[in-house]
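Trainee: Here are the chains, one letter per residue:
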Amino acid sequence: MPLIRNGAFAEDTYVTVADDAALPANGTIVSLARLKAERETLLARNAALGVRLKSAESPEELGDDVHRLSVIVLEFPVFRDGRAFSWARMLRTRLGFTGEIRAAGHFLYDQIAFMARTGFDAWEVPEGFTLEQFQRALGEISYIYQPSADGRPTIRQLRARG
Amino acid sequence: MYRYDEFDAAFVRERVAQFRYQVERRLSGELTEDEFKPLRLMNGLYLQLHAYMLRIAVPYGTLSARQLRMLAHIARKYDKGYGHFTTRQNIQFNWIKLVDVPDVLSDLADVEMHCLQTSGNCIRNVTADHFAGAAADEIEDPRTLAEIVRQWSTLHPEFTYLPRKFKIAVGGSVHDRTALKFHDVGIEIVKNDTGETGYRVLAGGGMGRTPYVGHVVGDFVAREDILAFLEAVMRVYNQSGRRDNIYKARIKILVNALGPEEMRKQVMREFEEIKRAGTLDLPEAERKRIAAYFAPPDFEALPVLCEEFEAARLRDGAFRDWARSNLALHRQSGYAIATISLKPIGGVPGDASDAQLDGLADLMDEFGLTEVRVSHEQNLVLPHVRKKDLPAIFARLAALGLATPNAGLVTDIIACPGLDYCDLANARAIPIAQRISERFADLDRQHEIGELKIKISGCINACGHHHAGHIGILGVDKKGVEFYQLQLGGSGAEDASIGDILGPAFAVSEIVDKVEEVIGVYLERREGHERFLDTVRRIGIAPFKERVYAAH
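So the protein sequences, as listed, match chains A and B. With this note's numbering as the guide, the letters of the first sequence map in order to residues 1 to 162. With this note's numbering as the guide, the letters of the second sequence map in order to residues 1 to 552.
Quick caveat, the hints were computed from the structure, so don't treat them as lab data. Any given hint could turn out to be false.
Here are the simulated lysine to any residue pairs, SDA-like style, with alpha carbons at most 20 Å apart [as the list claims (entries may be wrong)]: (1) B:K275 <-> A:D150; (2) B:K288 <-> A:R159; (3) B:K265 <-> A:S58; (4) B:K165 <-> A:F79; (5) B:K478 <-> B:P504; (6) B:K265 <-> A:E60; (7) B:K275 <-> A:G151; (8) B:K37 <-> A:F79; (9) B:K275 <-> A:S55; (10) B:K248 <-> A:S55; (11) B:K37 <-> A:V78; (12) B:K288 <-> A:A160; (13) B:K265 <-> A:R94; (14) B:K37 <-> A:P77; (15) B:K275 <-> A:R94; (16) A:K36 <-> A:A22; (17) B:K77 <-> B:D100; (18) B:K275 <-> A:T93; (19) B:K288 <-> A:T154; (20) B:K37 <-> A:G105; (21) B:K275 <-> A:R92; (22) B:K275 <-> A:R156; (23) B:K37 <-> A:D81; (24) A:K54 <-> A:L3; (25) B:K97 <-> B:R26; (26) B:K77 <-> B:K275.
Full structure from sequences and hints, please.
Mentor: And the structure:
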């Protein structure tokens, strides 16, 4: 699946592996279950590590290990399941995670702007999805009413500037 | 009233363009109906039995004359000449074409209106006391906070795909006119022992198939902390609310599964963190800036006793009747709060025609009335009327068919759209309201009965608030035939309670007789000036049950 990262198409340098598959030499994304089961081995490896969380899995379960991960994939089983918006924001504002937060699964064009606001910075997009669509999705609404994880100035702050 | 500044105006314009693009993508087939559904719902667009229904937001129920005229225009141009005011202080149009919706939204934006978040699994349009700024028992105008909450919740990136819809009401008086204890979150403006104003926050109230009265989750939230507190409640709900069963997805189920204590604990944990970050603090200067929009009009110094008003009452029996039920005490001497009943005898509760909306706008301009309110009881309210103007205003309302003298009486009935419009309904609600209204048309009899709130829902989702009705009527379907269940003793006021089900449901041919029998028991058993609700609470439902099932 094509990957948009930091506003451009990028090569996905990670391999997402099944729980029973052998680990590749380079960057690897595993499930939370596998991370917990093989924690020592996985963290000891000299390769970038990521985890893919299901929508019911809170990033708090990662504990301090969150800072040893370079990517966290948040899964949308269906676009209506909005838990990942809270998980992303929690990762950025409570847990101080600075690595990549990637959206995967079934989400809509119309959710991309909300994702960017809550802390996502990478998206697994469908074949044929263009950068123009991506930019349009981010630019549909210029002003925001409330703070989130993106640090953008809110309407209240803009009003105060006069 | 709140007025848009350049940012609000630009925001709403962009939102219209965004929705126009979503409609284009649906019409071209790029979006499936399943994918389009949550997008259109977040703009108040439902697919009903016969057509699309568009629900327009009336934040905290406040409208200007200019806005009324635009609603009249929309009724004429895009609908069948009327609109329907709802139990959430909004207005909906039942016969809108999908291709017209972006143009309707653009027309609305011209008068600082929109359909944002009037549906969908997001924080819905915020409601507030319809007597705000006028009620004699008010601590503070709740619309200031309601507007602050409206802005905070508008396209909230974290809380737009919640497990289920989320409704917030704000009340500022001792007497609750918002049914706030039946909301996902109800906010009461209160004073503490030292005289400071703050907020008591309830969560987990609701109606539907599992009705609950809300639990207090914040006893006294400081003014500057309220957005941080609300964000904390939302975050607990978004993370932990059930998503496996839509009937168990509202916050009331979560609060009652966790228990209020655990809910408070989880909310406090989020709250402490959000508060520490400080980004959601509500500075006093900002609160005051918003409050200034809701400053009361410049009241004239008028005597309590108004000669013109008293003379008209003596002279004109019709005016006397109307004044008796449709006026409420205003905080300012020489002024009154006037309820415009949208419940004409035999009419559809909450409907208003384009001519009525235009006529009301003209009347407002003529008498210098800057705003009208929509009540959750599906009536309109003129909040600040000089008593000396009332006789003339009454005459004008009468000419518009808007002077039914029944506010708070047995014919002032709440009813959901029911099976006449709604694809979720099991039974019709409107015709039942119409027949009850006709049965009790006699005004002397209505006054003899006194305050009685009948609320009718056409299905278990309870849009007609039947659980909170002094008499609640629920339409059910038995093998394709409509039946109606009675509930007694509910209340949506500060003494909130859920009505008790009387017993097996009645056929459509019986239900009006049964309501009459119930009222008959009350009239026989009441003591002194006891209201219907108080009699039910005192004697219980058994005597009523005995009467209505006697012949069965």
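Trainee: Are the hints correct? Go through all of them and say.
Mentor: Hint-by-hint comparison with the structure:
1. B:K275 <-> A:D150: Holds, at roughly 17 Å.
2. B:K288 <-> A:R159: Holds, at about 14 Å.
3. B:K265 <-> A:S58: Distance ~18 Å between K265 of chain B and S58 of chain A Cα, so the pair holds.
4. B:K165 <-> A:F79: Given pair K165 of chain B, F79 of chain A holds - Cα atoms ~16 Å apart, limit 20 Å.
5. B:K478 <-> B:P504: 11 Å, holds
6. B:K265 <-> A:E60: 17 Å, holds
7. B:K275 <-> A:G151: 16 Å, holds
8. B:K37 <-> A:F79: Judged against 20 Å, a Cα distance of about 12 Å means the pair holds.
9. B:K275 <-> A:S55: Violated, at about 26 Å.
10. B:K248 <-> A:S55: Holds, at about 18 Å.
11. B:K37 <-> A:V78: 14 Å, holds
12. B:K288 <-> A:A160: 14 Å, holds
13. B:K265 <-> A:R94: 17 Å, holds
14. B:K37 <-> A:P77: 17 Å, holds
15. B:K275 <-> A:R94: 12 Å, holds
16. A:K36 <-> A:A22: Distance of about 16 Å is within 20 Å: holds.
17. B:K77 <-> B:D100: 10 Å, holds
18. B:K275 <-> A:T93: 12 Å, holds
19. B:K288 <-> A:T154: At roughly 18 Å apart (the allowed maximum being 20 Å), T154 of chain A and K288 of chain B satisfy the hint.
20. B:K37 <-> A:G105: 19 Å, holds
21. B:K275 <-> A:R92: 16 Å, holds
22. B:K275 <-> A:R156: OK: K275 of chain B and R156 of chain A at ~18 Å, within 20 Å.
23. B:K37 <-> A:D81: Roughly 14 Å separates the two Cα atoms, so the pair holds.
24. A:K54 <-> A:L3: Since the Cα atoms of K54 of chain A and L3 of chain A sit roughly 19 Å apart, the hinted pair holds (cutoff 20 Å).
25. B:K97 <-> B:R26: 14 Å, holds
26. B:K77 <-> B:K275: Judged against 20 Å, a Cα distance of about 48 Å means the pair is violated.
Consistency note: the structure conflicts with the earlier hints numbered 9, 26.
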